[in-house]
Amino acid sequence: MTLDEIKQILDLVREHELAEFELEQEGVKLRVRKKGQEPAVVVSPAHTLPLPLVAAPGVAAVAAPAAEAAPAAEVAESEGVELAVVKSPIVGTFYRASEPTAAPFVSVGDTVRKNQVLCLIEAMKLMNEITSEYDGEIVQVFVENGQPVQYGERLFAVRAR
Amino acid sequence: MFKKILIANRGEIALRVICACREMGIKTVAVWSEADEHSLHVRFADEDVCIGPPRSSESYLHVPAIISAAEITGADAIHPGYGFLSESAYLAEVCEACHIKFIGPSPSVIRLMGEKSRARRAMKKAGVSTLPGSDGPVETEEEAQAVAASLGYPVIIKASNGGGGRGMRIVRSGDELAQALRTAQREAQAAFGIGDVYLEKYLEAPRHIEVQILGDEHGNVVHLGERECSVQRRHQKLIEEAPSAVITPAQREALGKMVVDAAKAVGYASAGTFEFLMDAQNNLYFIEANTRLQVEHGVTELVTGIDIVKEQIRVAAGERLSFTQDEVKMSGHAIECRVNAENPQTFAPSPGRVPGGPGVRVDTFVHAEATVPPNYDSLIAKVMTHGRDRTEAIARMRRALEMTVIEGIHTSVPMHLRILADEDFQAARISTAFMERFLAPAVPSAGAGKAPAA
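For the protein sequence lines, the chains are A and B, in the order given.
Under this note's numbering, the first residue of the first sequence carries the number 253, and numbering increases by one thereafter.
Under this note's numbering, the first residue of the second sequence carries the number 25, and numbering increases by one thereafter.
Hint data in this document are derived by calculation from the structure and do not stem from the laboratory.
Watch out, some of these pointers could steer you wrong.
As the list claims (entries may be wrong) - No more than 27 Å apart at the CA atoms, straight line, and that leaves these computed lysine-lysine pairs for DSSO-like: (1) B:51 x A:377; (2) B:125 x A:377; (3) B:148 x B:225; (4) B:334 x B:288; (5) A:377 x B:27; (6) B:28 x A:377; (7) A:281 x A:339.
Could you build the full structure based on these sequences and the hints that come with them?
See the structure below:
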């Protein structure tokens, strides 16, 4: 389950003013319960590891065992602003531009759209385009051009909108 | 010699390779999945790269991630360990294309030995005795019936590309054959991606004997004697020893020569193991060759004093074997117990104690704050002991296991202690049917909880 999907579910819960919502699929159990005015979210992976969710300030999801009455985090996104992190899906070498002399695909302050190319990662002589999962603004670039990146390494912070 | 080796594996074997590299002054790169971030192989390598999520297919089995990790760290060789990609001709080929040395035999040898029915034919041609069988994949029931009738029941159906006991079916009569054939083909397809199976005469209670070899790229091949791994549960080896209690020096020499000749015939240049079954009359039949380091290589190291991993790295770098056949001397007897987590799941063992003392070697990735991810195999430690003879090696093993403390999980240590106390085991009256017999009467105590499933 992606962060986007969870956000959509939260929006639906809010829109339809549901008190509680539960979903179970592919080993993931999601429970949303309204607490006061805000819904609380518990995501519990059936496997042992937290979901590979982007961990950013203000994100509403916490991983917790299903059985516990989890003290869920408050949703802090009522104004629709939060930072999302684009992480590297592969191991390779990070490039900010299509060729050494070209301008970077994106820089801090740029507005990006979902599926827009943010960078290239070279793996086994192939250039892999890494695209944004969000509409928003680039607020940080974590890696220098030409540096190796590992799986799951942070590449960009995006202020999603 | 290599400057930097990437170890495409995890757990105790990754650490074992790191030990060899450190002694040789070679830098190491550990790769890890998100489940292994705090594992010891990551801590003791010079560099490390996260290559993917916990699922093996997206990390330790993912060739592009491993090659990329080697490229970004500048590793000039990859050691695959055992399991995972250790017998992947594809990885060996990609390594060749990327000018990274794969520490193992050539892709063509891996491929030949990986197709069990082809390997059988090649070995037969090289003068190695094989079990009577179909000499090729069997597709239809009619074909299978004809082959089985000529072999005589029982027969065993095996996956052509198999290993580890999967895709195997023992058939005792013609009525069971059709069903067993379909199941084995389905299992082979699911487990190995290729549904080919072949038939072989099934030996009821054979001993499992295997010969360790080392070859270099200059045509030299030596053998390091045999290991016996007859104590198995569901085709998984539990206890291995070197030498076998029943192989005579004359038989060892003949068997070793036969294997060395066969390995030379296929151009084998690395560490490898040729596995045989031994019937009640002490006849040996080739079953398969493993083109990699094996879990149980340590017992051979204990009795020969040869570091197989270092030698494997040297020959991969193009060097000649550092010793000749005449210089291989066996001393005493060694035993290994594989300590497994009995119901693997993530756990944090409370500070445990790994055994020590004279004649004991422990290869493990477990430490006080270690976790055992449920994503991978359940082996947590290999406890090995060496003695002047089998009796002393067994006594040391019993003492070592009694002094082992692992809390927080169930392990196979209690079962090993029971096996070591068994009269038949002590008298070396063992075969691959040993565990079946051994586990049968031990079931009733329901309260004991973890009686191993039959």
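*Of the numbered hints stated previously, which ones are contradicted by the structure, given in increasing order?*
none
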